[in-house]
Each structure stands twice: as C-alpha cells, then as structure tokens.
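**Q** Protein chains in written order, with the working numbering: chain C, 2 to 306; chain H, 11 to 529; chain E, 3 to 370.
Think of the hints as simulated: they come from the structure by calculation, not from any bench.
As the structure is a computational prediction, the values presented were derived from the model and not from experiment.
Just so you know, not all the hints are guaranteed correct.
[Claimed, not checked] The list that follows gives simulated cross-link-like pairs (lysine to aspartate or glutamate, EDC-like), each with its CA atoms no further than 20 Å apart: (1) H:K284 with H:E257; (2) E:K24 with H:E257; (3) H:K169 with H:E250; (4) H:K82 with E:D51; (5) H:K82 with C:D174.
[What the hints assert, rightly or not] Cβ pair distances, simulated, as ranges: (6) C:S108 with H:A101: 24 to 34 Å; (7) C:S58 with H:E91: 26 to 36 Å; (8) H:E422 with C:S182: 33 to 43 Å; (9) E:D51 with C:L9: 45 to 55 Å; (10) H:N150 with C:A8: 57 to 67 Å; (11) E:L47 with H:H408: 18 to 28 Å; (12) C:G260 with H:G369: 31 to 41 Å; (13) E:I216 with H:A357: 21 to 31 Å; (14) H:N238 with E:G23: 27 to 37 Å; (15) H:D149 with C:R291: 52 to 62 Å.
Glycine included, every Cβ here is placed at the ideal spot set by N, Cα and C.
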Amino acid sequence: MDLLPVALTIITASTPLLLAATGELVTEKAGVLNLGVEGMMLVGAIAAFAAAVSTGSGLIAILVGAFSGVAVAAIFAVLTLTCLANQVATGLALTIFGVGLSALVGSNFVGISLEPLPQLNIGVLSTIPILGDLLFGHDVLVYLSFLMILLVGYFLSKTRSGLILRAVGESHDSAHALGYSVLTVRYLAVLFGGFMSGLAGSYLSLVYTPLWAENMTAGRGWIALALVVFGTWRAGRIAFGAYLFGAITILQLHVQGWGINIASQFMTMLPYLATVIVLVFISSDKMKIRINAPQSIGKVFYPPR
Amino acid sequence: MSQNKAKSKIGQLDEPELAPLLKLSGITKSFPGILANDAIDLTVKQGEIHALLGENGAGKSTLVKIIYGLLKPDAGTFEWEEGALSLSNPAQARSLGIGMVFQHFSLFEALTVCENIAIADDQKLNLKTIALRIKEVSDNYGLPIDPDRYVHSLSVGEKQRIEILRCLLQKPKLLILDEPTSVLTPQETLNLFATLKNLASSGCAILYISHKLAEVKSLCGTATILRNGAVVATCNPKLETAKTMAELMIGAKLHNIKRPKKSGSHDNRVQINKLNLKSNDPFGMDLENISFDIQKGEVVGIAGVAGNGQTELMAALSGEVIQTGSHETIFFDGVGVSTMRVAERRAMGAGFVPEERYGHAAIKEMSLKDNALLTTSQKLNLVKKGFLQSNEICDLTHKIISDFDVRTTGLEMETGNLSGGNLQKFILGREILQNPRILIVSQPTWGVDAGAAVFLRKSLLDLAARGCAILIISQDLDEIFEICDRIAVLYQGTLSPLINTESASVDQIGLLMGGKTTE
Amino acid sequence: MSQIFQFFPKFVLEPRLEVSGKWVILSPIIAIILTLFSGVIIFSLLGKDPFLALYTFFVQPLTTMFGITELLVKATPLVLIGVGLAIGFKANVWNIGAEGQFTMGAVFGGGTALLCQHMESILVLPLVLVLGTLGGLFWGAIPAFLKTRFNANEILTSLMLSYVAVLCLSYLVHGPWRDPAGFNFPESQIFSDYAMLPILIENSRLNLGTMFAILVVLVAWILMTRTIIGFQLRVVGLAPTAAQYAGFKQSGLIWLSFLISGGLAGLAGIAEVSGTIGQLLPSVSPGYGFTAIIVAFLGRLHPVGVLFAGLIMALSYIGGENAQIEIGLPAAVTGLFQGILLFFLLACDVLVRYRFSHRSVLTGERCE
C-alpha cells in the first residue's frame with residue numbers, strides 16, 4: 002500500500018478544518034462564541050463557487066468566498082455586539098441562514114463542475130520525489146492555512162494587539178476600564194473569523210470537491226468549533242487536531258480499499274463520533290478548560306457605569 | 011445652580027496656594043433614574059493628597075471615571091494644568107499623566123504581571139523592557155512583585171500593587187485611588203500610606219476616594235465631601251472631627267449599635283473539625299485544617315483580606331461544595347453534615363447569605379416574589395405536591411418587604427432594580443424569616459449605605475439574641491469588632507484560633523490578616 | 003477660558019428598569035413583518051412578482067381545507083419539538099440535536115412497528131409510540147450524560163449525534179430493514195394499520211399526533227409556570243450559581259431538560275412516521291429538529307407561544323412547497339426565510355431589555 006496518496010488526501014481533508022478553526026480561535030480569544038461557522042463556510046463555499054464559474058479566476062473566487070464569510074459574520078457581529086443578542090442563539094441562526102442562503106443561490110449551480118485550483122509551482126522543489134509532492138505540490142489555500150495559523154499564533158502571543166485581544170476575551174470589564182474599545186476588538190475578531198470560514202468554504206467548493214452540493218460542509222464547521230476546545234485555545238494544538246481529524250475523515254475513504262467490509266454509513270460516522278469522544282476526553286479535565294478558556298467567552302458586554 | 015452657593019465651607023484652607031492641576035466645574039452626569047453627579051466642582055492642586063469622601067452611591071466612582079475619561083459628563087468643564095479640554099478616553103487621560111487604581115481591579119487573571127502592566131502602557135510591546143522597568147519602579151517605592159507570575163496566583167494585596175505599579179510606570183501627575191484599603195490589612199494600609207506620602211512629596215497629586223473617616227484624617231490635606239451626587243462641603247480633615255465629617259457625609263445622625271453581653275450558654279450549634287478542602291477553581295484557595303465552633307446565641311466573626319479562602323469556606327459550610335474526604339468535619343447541632351447538600355443543611359435549620367448578591371443570593375432578572383421563593387421552596391406551605399402556592403409566596407414576600415424595610419415598587423419588580431442596601435435587606439430578611447438555628451453570612455454590609463448597614467447589623471444581633479448561632483465572614487474589621495463575640499482570621503486558607511473580642515486588638519487581628527502572629 | 007463639553011444628539015441603548023412585557027409580544031410580530039419585507043426584496047431579485055409570490059407563499063395554502071389540515075400536520079412535529087427545546091433553553095441547556103432525537107424516535111418506533119407487522123392487536127400502536135419516545139429520550143440522554151459526567155459541551159455533542167442518528171437510519175433502510183418487495187428502493191415496508199395513528203379528518207393526513215401536541219403544550223405550560231420544577235429550571239437557566247445556593251440539583255435539571263426535549267422529539271419522530279409517512283425512509287424530516295429551534299425562540303420559550311410559532315413556521319414549509327409548484331421558486335427559499343426571521347427576532351429582542359434613549363444637546367445646563 003502506498004502511503005503518499007493517503008498523506009496527500011489527509012492534507013486536503015485537514016485544510017478546511019484548520020482554516021475555519023484558526024478563525025474561530027481568534028473570535029473566541031476575543032471572548033465571542035460564534036456557533037455560525039458552518040453557515041459562514043457554506044456561504045463562502047457557494048460564493049466562491051459562483052465566482053469561479055462566472056469569472057474563471059481562482060483568485061477572484063477565493064476573495065469572493067472569503068469576503069462573503071466576512072459579510073455574514075458582520076450580521077452576527079451587529080446582532081451580538083451592538084444589539085446584545087445571545088451569542089448561542091445568534092450563532093445557530095447564522096447557521097440556519099447560511100444553509101438556506103447557500104441552498105438558494107446554489108440551486109442554479111447544481112451539476113456544474115470546476116477545474117480545481119492549480120497547484121503552486123514552486124520551481125524545482127515540486128519535482129523532488131515524495132517530499133516534492135508532499136510539501137510543495139499544493140494549491141495556494143493549503144499554504145495559506147499553514148501561514149495563517151503561524152501568524153495567528155505569533156499575533157496572539159507576541160504582539161501588543163494580540164495582548165489587547167486576549168485581554169478583551171479575559172475580562173471585558175477590565176479592558177473597558179483601561180480604555181480599550183471592547184466592541185472594536187470584538188468586531189474585528191468576528192469579521193476575521195468570518196474571513197477564515199469563508200476561505201474554508203472556498204476550499205471545499207474549489208478544491209476538495211469542485212462541485213456545489215447543498216450542505217456540502219457536512220458538519221465541518223461544527224468540527225472546527227470542537228477543534229478549538231480540543232486545542233485548548235492554542236494555535237499549535239489546534240493545527241495538530243485539524244490534522245488528526247483530517248486523518249480520521251480520510252480513513253473512511255481508504256478502509257474499504259483495504260478490504261475491510263463495513264457499511265459506508267458507519268465509516269461516515271467516524272469524524273462525528275471522534276468529535277464526541279475527543280470533546281469528552283478534553284472537557285473532563287474541568288481545570289484545564291477553566292484555565293485555558295477565555296473567561297468572558299459568550300458573555301454579553303454592556304459598558305458598566 | 012443655587013446649591014453651589016449654598017455649599018457650606020467649613021474649615022479654612024490656609025495652606026500656601028499651589029497651582030491647580032485639575033479643575034472641574036459644574037460636572038453633571040445622570041443615568042436612567044439617577045442623577046449620579048450634580049454640578050460638582052473640584053480642584054486638585056499639585057502634590058496634595060485630596061480626599062473624595064462619601065457614602066456608597068454618593069457619586070464618587072462616577073466622578074473619578076469622568077476624570078479618567080471613562081465616562082463623559084452630561085455637562086461641566088474640565089481643566090488640566092489651566093487648559094480646558096475634553097477627554098475622550100482613558101488613553102488620553104494616561105497621556106496627560108492621570109493614573110487610576112480601580113476598586114474592582116482592572117486586571118486580567120490569566121495574564122502575567124508583565125502583560126497586565128504592558129497593556130496599560132501605550133507603547134510597542136516589549137515585555138523584557140517592561141520587566142526591567144517594573145523592577146526599577148518597584149524597588150524605588152518598596153512594592154516588590156515578580157513580573158512573570160500569573161495574576162491569578164497573587165494575593166489581593168499584590169494585585170493592588172500591580173495596579174499601583176501600572177500607574178507609577180507612567181510617571182503620573184495625578185493618581186486616583188478608589189477605596190484602596192478595603193482589600194488591605196491595617197499594616198498594609200500603613201505601608202500604602204507611606205508610599206502615597208512619598209509620591210505626593212515628589213509632586214504627584216493624589217485623589218483618594220474613601221468612606222473611611224479615620225484614613226482620610228490621617229492621610230489627606232483636603233477633603234471634598236459628596237452626598238447624593240452633590241458636593242456638600244470642602245474642608246481640611248485634620249481640622250475636623252470624624253463626627254462632623256460623618257454627619258456631612260451621611261446627612262443624618264447615626265446611632266451606634268450596642269452588642270449585648272453574651273449569655274455564656276454552652277450549646278454547640280456549629281462545630282468544624284479540621285476541615286480540608288481543595289478549591290475547584292484554578293484561581294481559588296485551598297482550605298487547610300480549619301476548626302472552630304459557634305455557640306447558641308453567639309456571633310462569630312471571620313476576618314481576613316478577600317481571596318484568602320472566604321468563598322471556599324462559605325461554599326463548604328453551605329454545602330454548595332461537598333468535600334470528598336471520609337471523616338466528618340462539619341457538625342450542625344451535633345450532627346455530621348459533611349456529605350449533606352445545601353437543601354438538607356437548610357432543612358436542619360441553617361441559613362446562608364453568600365457574598366455575591368446578584369447571580370448567587372438573588373437573581374437580577376427575576377421578580378422579588380420569585381426571589382423570595384428561591385431559598386424557601388422547601389417550606390411546606392409554599393409548595394404543595396410540586397405546585398407553587400402563589401398566595402403564600404405573595405404573603406411571604408410582603409412580610410420580607412415590610413419587616414425589613416425594603417423600598418420597592420411592588421412584588422413583581424425585578425430584583426435588579428434594588429439598590430445594594432435594599433437588596434441585602436431583602437436577602438437577609440428572607441433568611442431570617444425562616445427562623446434559622448444557624449446563619450452564615452458573608453460580607454453582610456459590603457457596598458451598602460451606612461443607614462442600611464446599621465439596620466442589617468442590628469437585625470443580625472436581634473437574631474442572635476433569639477438564640478441563633480451566627481457566623482459573619484467579613485473584610486470590614488470595624489464591623490467585626492462591632493458585632494462579633496469572638497473573632498478568627500482567615501489567611502491563605504488557614505484559620506487562626508478564635509479570640510474573644512474584648513481581649514482582641516485591631517493590631518493583633520491586622521497582623522494575623524497579614525499572616526503574622528503577635529510575638 | 004473653559005471649554006464646554008458639547009454633545010450632539012445621539013441614540014444610545016439603555017437598560018430598562020424592568021423587562022418590557024409589551025416588547026416580548028411586539029418583537030416577534032415586528033420580526034415577522036420585517037421578514038415579509040425581506041421576502042418582497044428576495045422575490046423581486048429572483049425575478050418573481052413579489053406580491054403574487056407572497057400570496058402563493060403565505061395565503062394560498064390556507065384557502066383550502068386540505069391546506070389547513072396540512073398546516074396542522076406540519077406544525078405538529080414543530081410544536082412537539084419546540085416545546086421540549088423551549089424548556090431546555092429556559093434552563094440554559096442547549097439541546098440542538100433534536101433532529102437526531104426525532105430520527106431515533108422514528109427508528110425505535112418504526113422498528114417496533116416493523117417487528118409487530120403481523121400482530122393484530124390494539125396494543126401495537128401504544129407500544130410503537132412508547133418505544134419511539136424512548137428512542138428520542140435515549141438519544142437525548144447521551145449528551146446529558148456526557149455533559150453532567152464529563153462536562154462536554156452539549157451543543158457540539160448533541161449536534162454530532164444528529165449526524166450519527168441520520169446515518170443509522172440511512173443504514174437501516176438501505177440494509178436490514180429494506181422492504182424486500184420494494185424494488186431495491188431504500189424504504190421499509192409500509193406499517194400495518196395497527197401501528198398507524200388514527201386519521202382525524204377523512205381525506206387528509208391530519209392524525210392523532212396533533213392532539214398530542216396540544217396536550218403537550220398544556221402540560222408544559224403548567225409545568226413551567228405553576229410547579230417547583232419549572233421554577234427550578236428557570237432559576238438554573240438564569241443563574242446556575244444561585245440554583246446551587248438554593249439547593250437545586252443542577253445535573254438533575256440538565257438531565258430533565260434533555261429527557262423532556264429528547265422524549266418529545268422522539269414522540270414527534272414516531273408520530274411523523276406512524277401518522278404521516280407510514281413507513282421508514284432514508285430521511286424522515288425536512289429539518290424539523292433545526293426549525294424547531296426557531297420555533298422555540300419565536301414562541302418566546304413559552305409553550306403557548308411555541309404553539310403559534312409552530313403554526314407560522316409550518317406555513318413557511320407549506321408555502322415553500324406551494325411556491326415551488328405554482329411559480330417555480332427554489333425550495334431553499336423556506337430555509338432562508340427561517341434564518342432571516344430568527345435574525346430579525348434576535349435584533350428586535352434587544353428592545354425587551356433595553357430601550358433607545360435620546361440624549362439632547364447639553365451645554366452646561368443640566369437637563370431634567
């Protein structure tokens with residue numbers, strides 16, 4: 002059995018998870034729980050797909066996908082930050098809205114197929130056997146996912162803006178008392194989350210399965226949310242988690258090839274069951290969650306007197 | 011504007027005229043239903059220690075938030091070093107040289123000391139430089155702190171030190187401190203005063219907010235007294251008596267309450283034997299080897315600076331946290347209750363009043379009626395076969411409101427609209443009307459106006475006179491000395507032996523609060 | 003010279019002194035009106051006559067007796083699930099896996115019906131209903147267990163289990179439960195009459211399930227407003243620490259919320275297959291479990307409100323189907339409407355607790 006194609010498919014399966022989880026990490030670090038990742042991904046997916054079909058440009062498609070994610074995240078931001086709506090309820094609404102909107106727009110795009118995004122050609126590197134394929138034979142979004150998680154990790158731990166963002170997520174009252182605009186920080190964090198979810202959606206409809214299908218995210222947005230908990234709000238662990246889940250997703254595709262006879266439904270269940278198990282495993286250490294979770298997460302901020 | 015002229019000037023300010031650093035005139039700020047600041051004039055001169063004196067709710071905090079740029083006044087003028095300006099945010103205030111030490115700290119528990127200080131330093135992030143500067147300034151002022159520790163691992167006194175250092179690092183011209191001593195031991199308070207005097211002598215003006223007259227007398231050269239949002243007097247506290255200032259501050263005469271002589275009966279209502287409890291909060295304090303007893307009709311006080319295990323002790327006594335050890339450590343009326351839950355302990359005649367009022371002792375978003383039911387639902391006549399008895403609940407709520415003088419607009423009013431004092435009267439009333447045999451109260455008068463505080467303390471003493479065993483966990487030493495028969499001190503999760511109030515001194519208790527025993 | 007603080011008129015949100023009862027009712031009505039306005043815009047964008055589309059969507063279905071019975075048929079699962087979710091949401095227990103519990107209700111109940119295919123007894127139906135309810139209850143118990151025992155976030159676990167439940171059903175109807183005489187379609191046999199809920203009105207699909215929904219609304223109303231259990235659920239939802247202090251068992255209340263909402267979703271699931279569909283299909287729900295979340299919020303988390311909200315959302319389903327047939331609107335419009343409605347509702351809800359206040363220009367004078 003050849004492991005290289007398996008490794009390559011793991012990278013493709015992990016990329017959307019990593020992109021979305023990176024965005025949600027920043028959002029949650031600022032103290033906002035946006036449960037609408039699934040919805041934002043779907044909107045990003047259909048927008049990118051539609052743009053790709055009508056313009057033929059991968060770059061434009063990616064940008065349209067990402068900024069559609071920003072646009073729907075903006076709805077969430079206005080509702081939860083300005084209108085002080087419950088974040089859980091609004092996140093659910095965002096997902097329901099995203100499913101509906103993407104299905105409506107997508108009804109014109111069912112059955113069209115796309116050329117996948119081209120692989121980046123990094124000169125001679127891509128021609129190295131095995132390593133060349135594994136490391137240098139991907140499309141731009143894969144590299145972007147690596148770059149973004151590194152940048153976010155650096156931003157959060159090493160920069161002043163990152164410190165302010167963490168401070169807002171720890172205690173919005175203290176940050177407010179020191180004169181930081183809690184709302185500005187949170188708006189930006191939510192919009193960034195939308196941007197990354199939009200990218201994740203774009204990846205699904207442009208690269209992973211270059212087709213549009215209703216609900217094509219199939220719960221990946223929710224898994225990305227679980228990944229943030231799994232990674233205890235740390236960039237490195239989230240990247241690890243994304244690849245672990247990518248591997249589990251890919252397992253189902255290869256199991257039958259390996260001659261193991263299990264109904265496909267049970268294999269499809271694997272990532273969902275794994276999410277539950279991983280959540281149970283991580284959450285049972287209450288102390289760990291308490292120490293790592295941003296203390297203000299999910300709480301409505303109304304400036305005190 | 012007639013109030014301004016009618017302001018009484020008592021005590022002549024005969025010190026040499028210094029240049030005014032800050033001059034506020036006619037500052038007015040209102041919130042829905044409250045006029046928090048009513049045309050306030052205030053002048054702070056360079057290098058002076060100026061007290062802003064007033065009761066809880068007098069408008070002190072609102073005024074300093076305006077000075078720090080956190081709130082915008084509805085009207086009034088703001089002059090800084092004789093130039094008029096309008097502050098738009100705290101960063102601007104900091105750049106002018108205004109520093110602020112908040113009463114409820116503006117710290118981030120999950121960040122390090124260094125990060126906490128860096129965040130208020132409006133410059134590029136360089137944690138190494140900041141660590142060096144922290145060390146330098148903390149050596150200068152005798153405020154030792156380890157820059158790499160996480161804030162949640164520090165004591166309350168150390169946390170305040172961070173707040174002060176954070177201001178000092180910016181070389182302030184005006185330092186505002188909001189009730190800084192409420193979290194300090196008497197000895198730490200003296201150290202703080204030395205630091206402040208040192209600062210003032212180097213030219214930094216200090217605006218010192220307090221409701222404690224003795225402190226203001228010993229520290230401040232000028233005092234501005236606020237009542238109901240307006241300035242009622244400006245005076246030199248050193249020339250005034252505590253009594254005259256208190257009357258200005260409160261606007262009425264307060265009667266001291268007399269603690270009745272203990273009857274001396276021996277009826278062990280509460281017995282705690284070597285209680286150990288690991289905190290389930292990563293930022294909490296573990297309890298170690300706690301032992302004490304409370305007799306029938308006795309009031310026992312547990313003094314100590316906040317964060318030394320008070321929350322954990324309260325939770326262990328009420329049964330909100332059940333310890334997992336095998337042997338009995340908590341006895342009510344001689345019965346081991348260690349494994350009993352809250353409801354079972356209540357059924358044995360115990361009542362509890364936790365420190366946090368909203369979200370713990372009462373629910374903001376619920377009506378008074380619902381809040382009355384919160385801890386009384388086990389009482390048979392309020393719930394029959396699982397169904398709520400609306401009339402009986404109304405009667406009980408009425409009784410609490412009338413017996414405990416709760417000012418409200420009706421039973422359906424949301425509890426969130428009660429003032430601190432009224433809310434606490436309601437909560438305490440609810441517990442007392444259940445005729446508890448044992449009552450455990452944390453911070454009974456914290457943040458409550460003086461009138462209500464007297465009423466609450468008197469209610470507790472009356473209850474003790476009827477035979478109830480009462481435990482008071484309080485940060486307020488004056489309160490503990492006023493109403494308790496015996497006193498113990500909680501420090502770092504351990505409890506000192508009980509001392510009879512008659513034989514205890516403030517110094518002795520203060521040292522225990524700082525973890526030192528008298529030699 | 004002193005500069006005067008100048009303030010321009012601006013609107014700010016201020017907390018109300020008490021919850022506005024008026025806005026609790028007004029907010030959903032305004033949200034519905036705004037959603038209809040959005041409908042006009044969306045229909046125009048899709049190139050349809052907006053008013054014809056609105057008519058086809060929201061009025062035409064109600065012009066026939068059959069349309070009205072269909073409305074009740076669709077509202078039944080929404081109300082049953084919505085009531086359960088509303089109870090949970092009140093207690094701050096976020097069961098969003100009702101779709102899975104609904105499916106498991108169908109699986110357990112439908113499986114029982116298939117087992118009893120040849121039994122001719124009036125006991126079959128009650129057995130089918132009880133097992134269906136237990137199926138949903140069991141599926142709801144899993145996240146409750148994981149939450150109380152392992153502190154695992156119930157939103158994520160209950161949702162993940164929904165995917166699992168739907169895949170289970172898919173496996174069963176593709177495999178062991180496929181009708182041997184069904185030309186290889188992934189469908190079970192049609193249930194026997196003894197396993198079917200009786201039809202209430204001839205020539206319609208209106209069945210006894212609707213009566214269950216009404217009964218459940220009444221019982222839940224009493225539970226939430228008149229009993230100590232309802233009080234405890236409300237307290238734990240608003241302030242868990244206060245609930246602990248009051249001596250209410252938090253884990254017990256989480257369990258209860260999940261068992262009620264799971265059980266009701268299971269009942270809705272079995273009522274759907276044994277009342278409306280009559281057999282097991284790979285998909286037994288057009289997203290009722292998710293739409294019921296909107297129903298619960300639109301109904302103000304109050305059982306009676308849920309009843310009305312269920313009818314409104316049912317209309318959006320039927321209207322969507324009608325508009326698809328009559329004027330060729332994509333079916334997905336329904337989902338979009340539902341999302342928009344929830345957005346508007348959440349936005350309007352801010353006025354329940356806050357009000358807009360108008361600050362006038364102040365120049366040194368205090369304004370009273």
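**Q** Indicate, hint by hint, whether the structure satisfies it.
**A** Structure-based check of each hint:
no.	hint	result
1	H:K284 with H:E257	violated, 46 Å
2	E:K24 with H:E257	violated, 45 Å
3	H:K169 with H:E250	violated, 33 Å
4	H:K82 with E:D51	violated, 51 Å
5	H:K82 with C:D174	holds, 17 Å
6	C:S108 with H:A101: 24 to 34 Å	violated, 51 Å
7	C:S58 with H:E91: 26 to 36 Å	violated, 59 Å
8	H:E422 with C:S182: 33 to 43 Å	holds, 37 Å
9	E:D51 with C:L9: 45 to 55 Å	holds, 51 Å
10	H:N150 with C:A8: 57 to 67 Å	holds, 59 Å
11	E:L47 with H:H408: 18 to 28 Å	violated, 59 Å
12	C:G260 with H:G369: 31 to 41 Å	violated, 58 Å
13	E:I216 with H:A357: 21 to 31 Å	violated, 39 Å
14	H:N238 with E:G23: 27 to 37 Å	holds, 32 Å
15	H:D149 with C:R291: 52 to 62 Å	violated, 35 Å
The earlier numbered hints that this structure contradicts are 1, 2, 3, 4, 6, 7, 11, 12, 13, 15.
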